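Trainee: Read off the chains here:
There are 6 protein chains.
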Amino acid sequence: MDNARFEAGKKAMEELFSQEVRKGMEGMKDISPDLWDMIVSFGFGDLYSRDSLSLSQREIVTLTTLITQGAFDQLRVHLQAALNVGLSKEEIIEVIIHCAGYVGFPKAVQAMGIAGEVFKEDSQNHSK
Amino acid sequence: MDNARFEAGKKAMEELFSQEVRKGMEGMKDISPDLWDMIVSFGFGDLYSRDSLSLSQREIVTLTTLITQGAFDQLRVHLQAALNVGLSKEEIIEVIIHCAGYVGFPKAVQAMGIAGEVFKEDSQNHSK
Amino acid sequence: MDNARFEAGKKAMEELFSQEVRKGMEGMKDISPDLWDMIVSFGFGDLYSRDSLSLSQREIVTLTTLITQGAFDQLRVHLQAALNVGLSKEEIIEVIIHCAGYVGFPKAVQAMGIAGEVFKEDSQNHSK
Amino acid sequence: MDNARFEAGKKAMEELFSQEVRKGMEGMKDISPDLWDMIVSFGFGDLYSRDSLSLSQREIVTLTTLITQGAFDQLRVHLQAALNVGLSKEEIIEVIIHCAGYVGFPKAVQAMGIAGEVFKEDSQNHSK
Amino acid sequence: MDNARFEAGKKAMEELFSQEVRKGMEGMKDISPDLWDMIVSFGFGDLYSRDSLSLSQREIVTLTTLITQGAFDQLRVHLQAALNVGLSKEEIIEVIIHCAGYVGFPKAVQAMGIAGEVFKEDSQNHSK
Amino acid sequence: MDNARFEAGKKAMEELFSQEVRKGMEGMKDISPDLWDMIVSFGFGDLYSRDSLSLSQREIVTLTTLITQGAFDQLRVHLQAALNVGLSKEEIIEVIIHCAGYVGFPKAVQAMGIAGEVFKEDSQNHSK
Numbered sequence: 001m002d003n004a005r006f007e008a009g010k011k012a013m014e015e016l017f018s019q020e021v022r023k024g025m026e027g028m029k030d031i032s033p034d035l036w037d038m039i040v041s042f043g044f045g046d047l048y049s050r051d052s053l054s055l056s057q058r059e060i061v062t063l064t065t066l067i068t069q070g071a072f073d074q075l076r077v078h079l080q081a082a083l084n085v086g087l088s089k090e091e092i093i094e095v096i097i098h099c100a101g102y103v104g105f106p107k108a109v110q111a112m113g114i115a116g117e118v119f120k121e122d123s124q125n126h127s128k
Numbered sequence: 001m002d003n004a005r006f007e008a009g010k011k012a013m014e015e016l017f018s019q020e021v022r023k024g025m026e027g028m029k030d031i032s033p034d035l036w037d038m039i040v041s042f043g044f045g046d047l048y049s050r051d052s053l054s055l056s057q058r059e060i061v062t063l064t065t066l067i068t069q070g071a072f073d074q075l076r077v078h079l080q081a082a083l084n085v086g087l088s089k090e091e092i093i094e095v096i097i098h099c100a101g102y103v104g105f106p107k108a109v110q111a112m113g114i115a116g117e118v119f120k121e122d123s124q125n126h127s128k
Numbered sequence: 001m002d003n004a005r006f007e008a009g010k011k012a013m014e015e016l017f018s019q020e021v022r023k024g025m026e027g028m029k030d031i032s033p034d035l036w037d038m039i040v041s042f043g044f045g046d047l048y049s050r051d052s053l054s055l056s057q058r059e060i061v062t063l064t065t066l067i068t069q070g071a072f073d074q075l076r077v078h079l080q081a082a083l084n085v086g087l088s089k090e091e092i093i094e095v096i097i098h099c100a101g102y103v104g105f106p107k108a109v110q111a112m113g114i115a116g117e118v119f120k121e122d123s124q125n126h127s128k
Numbered sequence: 001m002d003n004a005r006f007e008a009g010k011k012a013m014e015e016l017f018s019q020e021v022r023k024g025m026e027g028m029k030d031i032s033p034d035l036w037d038m039i040v041s042f043g044f045g046d047l048y049s050r051d052s053l054s055l056s057q058r059e060i061v062t063l064t065t066l067i068t069q070g071a072f073d074q075l076r077v078h079l080q081a082a083l084n085v086g087l088s089k090e091e092i093i094e095v096i097i098h099c100a101g102y103v104g105f106p107k108a109v110q111a112m113g114i115a116g117e118v119f120k121e122d123s124q125n126h127s128k
Numbered sequence: 001m002d003n004a005r006f007e008a009g010k011k012a013m014e015e016l017f018s019q020e021v022r023k024g025m026e027g028m029k030d031i032s033p034d035l036w037d038m039i040v041s042f043g044f045g046d047l048y049s050r051d052s053l054s055l056s057q058r059e060i061v062t063l064t065t066l067i068t069q070g071a072f073d074q075l076r077v078h079l080q081a082a083l084n085v086g087l088s089k090e091e092i093i094e095v096i097i098h099c100a101g102y103v104g105f106p107k108a109v110q111a112m113g114i115a116g117e118v119f120k121e122d123s124q125n126h127s128k
Numbered sequence: 001m002d003n004a005r006f007e008a009g010k011k012a013m014e015e016l017f018s019q020e021v022r023k024g025m026e027g028m029k030d031i032s033p034d035l036w037d038m039i040v041s042f043g044f045g046d047l048y049s050r051d052s053l054s055l056s057q058r059e060i061v062t063l064t065t066l067i068t069q070g071a072f073d074q075l076r077v078h079l080q081a082a083l084n085v086g087l088s089k090e091e092i093i094e095v096i097i098h099c100a101g102y103v104g105f106p107k108a109v110q111a112m113g114i115a116g117e118v119f120k121e122d123s124q125n126h127s128k
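Chains as they are written, first to last, in the UniProt record's numbering: chain A, 1 to 128; chain B, 1 to 128; chain C, 1 to 128; chain D, 1 to 128; chain E, 1 to 128; chain F, 1 to 128.
With the rest of the complex left out, here is chain A (with noise of 0.2 Å):
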């Protein structure tokens, strides 16, 4: 293991995921753990801890990619990171919208569905 790209991995999850969501990411640990430090050291590590784009730039290329490959688990949890780290509800309504015309309506619709759960779980939260 390569300690200073999985901290900065570590470090990167820690802005973009609630503990909640990074404690069941890690059951990864218990079927690969090759394929987990890769997640976190070259996924988050390499990749997210980088400079010249912010970490909202770096969400709308992860949403959209998502959404246009039909990743639509990934989607939800990268719906909360988009909120996490800045990213308005308005503006990831607007990443799908534009999504639309560039991949079709049917995965527009299913990500407008999801969107809409996870911004309502997040008001829940939110008015605790």
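Hints in this document: simulated from the structure, not taken from any laboratory. Just so you know, these numbers come straight off a predicted model, no measurement behind them. It cannot be assumed that every hint is accurate.
One copy or any two copies: either way a pair holds, since identical chains are not told apart in the list.
The calculated BS3-like cross-link candidates involving lysine-lysine, where the alpha carbons are at most 27 Å apart (straight line), are [to be verified]:
| # | residue 1 | residue 2 |
| --- | --- | --- |
| 1 | K23 | K89 |
| 2 | K120 | K23 |
| 3 | K120 | K29 |
| 4 | K89 | K120 |
| 5 | K89 | K29 |
| 6 | K23 | K11 |
Given the coordinates of chain A, assemble chains B, C, D, E and F onto it according to the supplied hints.
Mentor: Same frame as chain A, now just chains B, C, D, E and F:
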């Protein structure tokens, strides 16, 4: 034809594309005037002309979805558009690198190769 | 909002979907009224309301693209729509079989399983 | 080799493709005679030779799946096949326009550009 | 029906799948006996029964294509098949890790999660 | 830069690719040295250099994912790599045939055409 939407679309296209590119796009009118109207009125009028995201944020979405779906002919045109609306080469390269983790290296490598060509042409145009 | 396009879209949706399905779709209005307007005005108003193809031919296109892109939630709704606009179960099954050669068996098998469920519900509704 | 299936496939191919196109396809025999047999016996013999859908309905399915998966080389050949089995240019254009809402504009635009080329070649052949 | 091809397919399926899984697959017969025949005769008879690759090499191909196209329901069944024909858990995990670089982390992560579940069920079955 | 990972990657690339191909790949260094480092260190260093699968098993995975995602430019390079690490032409053809049932004929046909070209070049190089 719905004039306000079409005019909004034409205006957005002027901000995004050079006169030469727009001329090439208009070839669509001869094959299907109806699809041409939808491209301008819906694609650029209804989508690109909206508020909530800047044109440079919209191009981040567009580049990402084109890389993810492997639409490399359209990517070439939008790499130039991304430069035109103010994204730096560094930011564009960063979008492609971020995508590598989400769509895999083959598409990221192909996208970066095309970006290299577009950046070279762009430098030559500006040094004239 | 562009009333003629929106009204055309609503009329097409009435031919395609049951009242219950349309009611479910309208949930989109609460999350993003703008995407809802695009779905109705562009998706159903501009596209489904056009001439040149019948609604049953349009549903052949729709089923095929949804199977190909693996959009199985939307497929369920359009399998019912295909029956509503007059495609026979035999024709729908045949579309899925034809797709097997073009998109591979995994997606064809998944589509056929959903078709089996939709056909069963449809028979139960008609025997009431 | 299964003669009845292979002969049925050859017959379907004669209805779909010009002699020149079939000659080109046969190049597969030199690389992999087994894949060639599957293409003819399964692809055209088992699938295109079935009842329940007409050849022109089958080409609507084929064009749609090829546009959706971005298989533009194969699309070119099947645009010509679609004309050969009786779809009008207007109907083909309409299939592509309908797809725009389901797969996004980039693939629809690319498909329409190829359709424009195929229609032009077709007109030149008929005016000879 | 073509008996030799169908019988070859049934034999291959017996090597790949448990009786319970095959029973579930046969549900297809009630919806579309023709697609069922193609699955057995073409999918398993023509393809899996061929020489040149072992069944465990074939399952490497199958797992990879299912991960790449995001066909996760089918992946579950073939993860079990991969164990049945002799791939080790370590080799299966390695296929998924290799895919991460080619299709991106979202699909690799989803595949690994399902593999974790299948491996757990498999251990429980063997400890009975 | 992380020297051990980069060196491992360079070593794997020497086993997979001819000097000429590696020279072409290095063009990436001029466009984005960071992506180049990731390709070598992560793609080839972290992934191809791992145990648990042989290089020829890894190329089966690679060919399959490239065919499935339609990445035909990268496929060409990896068809040659597959021969270099010891897969026979017969095994490569068999991977493509197996894919036909999982991704459909259009992509299998396109892959086989490219394989035919690569095999021809390979024979010419060996007869020199």
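Trainee: State for each hint whether it applies.
Mentor: Here's how the hints hold up against the structure:
1. K23 x K89: both (25 Å within a copy, 24 Å between copies)
2. K120 x K23: both (22 Å within a copy, 20 Å between copies)
3. K120 x K29: Answer is between: at 15 Å across copies they meet the 27 Å cutoff, but 31 Å inside does not.
4. K89 x K120: within (11 Å within a copy, 38 Å between copies)
5. K89 x K29: Between copies only: 15 Å across chains, 32 Å inside a chain, cut-off 27 Å.
6. K23 x K11: Within one copy only: 14 Å inside a chain, 37 Å across chains, cut-off 27 Å.
The structure meets every hint from the earlier list without exception.
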